[in-house]
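Mind assembling these two chains? They're in different frames, but the hints should get you there.
Chains as they are written, first to last, in the numbering used here: chain A, 977 to 1089; chain B, 8 to 124.
Hints may contain errors.
Unchecked claim - If you anchor each label on the Cβ, the simulated ranges turn out as follows:
1) Q990/A with K73/B: 43 to 49 Å
2) E991/A with L83/B: 37 to 43 Å
3) S1027/A with E70/B: 45 to 51 Å
4) I19/B with K1030/A: 43 to 49 Å
5) S1045/A with G68/B: 18 to 24 Å
6) M1005/A with T64/B: 47 to 53 Å
7) K71/B with P1055/A: 26 to 32 Å
8) G23/B with K1030/A: 48 to 54 Å
9) M1005/A with S90/B: 33 to 39 Å
10) K71/B with R993/A: 45 to 51 Å
11) P15/B with Q990/A: 38 to 44 Å
12) R993/A with C20/B: 42 to 48 Å
13) P15/B with A1046/A: 39 to 45 Å
As the list claims (entries may be wrong) - If we take Cβ atoms under 7 Å as the criterion, some of the chain B residues that face chain A in the derived model are:
14) F46
15) Q49
16) S50
17) L51
18) L83
19) D95
20) I100
21) G116
22) P117
23) G118
What the hints assert, rightly or not - Dumping the calculated DSS-like pairs for lysine-lysine here, alpha-carbon to alpha-carbon at most 25 Å:
24) K1013/A with K62/B
25) K981/A with K48/B
26) K1047/A with K48/B
27) K981/A with K1030/A
Quick caveat, the hints were computed from the structure, so don't treat them as lab data.
The beta-carbon is built from N, C-alpha and C at its ideal position, and this holds for glycine as well.
Listed below, chain by chain, are the residues.
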Amino acid sequence: DQQVKQNSPSLSVQEGRISILNCDYTNSMFDYFLWYKKYPAEGPTFLISISSIKDKNEDGRFTVFLNKSAKHLSLHIVPSQPGDSAVYFCAASRQTGANNLFFGTGTRLTVIP
Amino acid sequence: GAVVSQHPSRVICKSGTSVKIECRSLDFQATTMFWYRQFPKQSLMLMATSNEGSKATYEQGVEKDKFLINHASLTLSTLTVTSAHPEDSSFYICSARGVRGSSYEQYFGPGTRLTVT
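Isolated chain B, as found in the complex (with noise of 0.2 Å):
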């Protein structure tokens, strides 16, 4: 299957500073590239939307100037946490849909760990 990477696996940052997570698909080209959020014990929640080129779309109630979304090419896109705050300690994933999966397959990566202390 196709593969999709993120790094980093784990951070912890100090509350007030700015993470960065990239994902990447390795071996497709990645049109729409999709940014989730796991609470322990809760399913994924999608928080934005990106295609290559284009601003990203955010789902309701997801801060744009929090999570700051670039897909700058058709296998790299990055979600920066801005301003880190205990709350948004999670798991992030990322998923990626382009040419090499079917239309409605998304191909996720392995999640990112943020604990913001």
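Bound-form chain A, shown alone (with noise of 0.2 Å):
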């Protein structure tokens, strides 16, 4: 049962313009959202998080977006350089309960020069 799903298993984009990146979740548990990136043979690196409370948060070229009534968030881009390129994972947590995170199966961002 896959709770937290990215429906797109691969983007392409051109250098400097945005890269959009989906998640959706079925648990109306979660209240809390992170993005990972992941180089191949490497573990995933913290990318950005957003909690329930917030619909934005931005940091530096990333900025994440929430909508709790689609149950989707967002990782945005811009403008998308060619070391952005790698695999985005969404995950999703419950802040008052479990340690678990619960992972997305990724998106493959290929930013072309």
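Here's what the structure looks like:
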């Protein structure tokens, strides 16, 4: 039962343009969301997070948007750079409950120079 | 950011043997460590959660007698795959959470690729 879903396995974007990665979740108990970046043969690296009390969080070129009613979040990268090419995982957790992070299946982003 | 190491990075073993994977937090004390498993083109699946000095909590469907987890110190957790079979071949990743990170940030190790022949 995949509670966090990333329906786009891959995305290609031209350098300098915006990359938008999407994530949907089914469990309404989730109230903390994270994005991780992963290179091949490496562990995920934390990128940005958002609590359910917010609908937007920004950190440099990275912005995460949360739409609780739609159970949807997205990661915007602008401008995209070739070094952003990696697999991006979204993850969800329950602040007041378990330690568990529930991960999506990942989206491979390729930024074309 | 916080550094978590894993050893070995890659291991090949024969069916029936046991393999130990180490996970270390290098610059912070990890009160909680997590073990994940990732199959190709799939998401990371949590296998177990371990707190220092206590028994690990396993996720449903994960055999505790097959995947032995020890969290003997605040900087070291080990995962031992006992009597390995080819279907145990996977990418195993640990993560650590402790006093250095925020409450819900987990710092991940680089992973261990296990191949059972």
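Worksheet entry | Numbers of the earlier hints that this structure fails to satisfy, in rising order | Going through the list in order, the structure violates hints 3, 5, 6, 7, 14, 18, 19 and 24 and respects the others.
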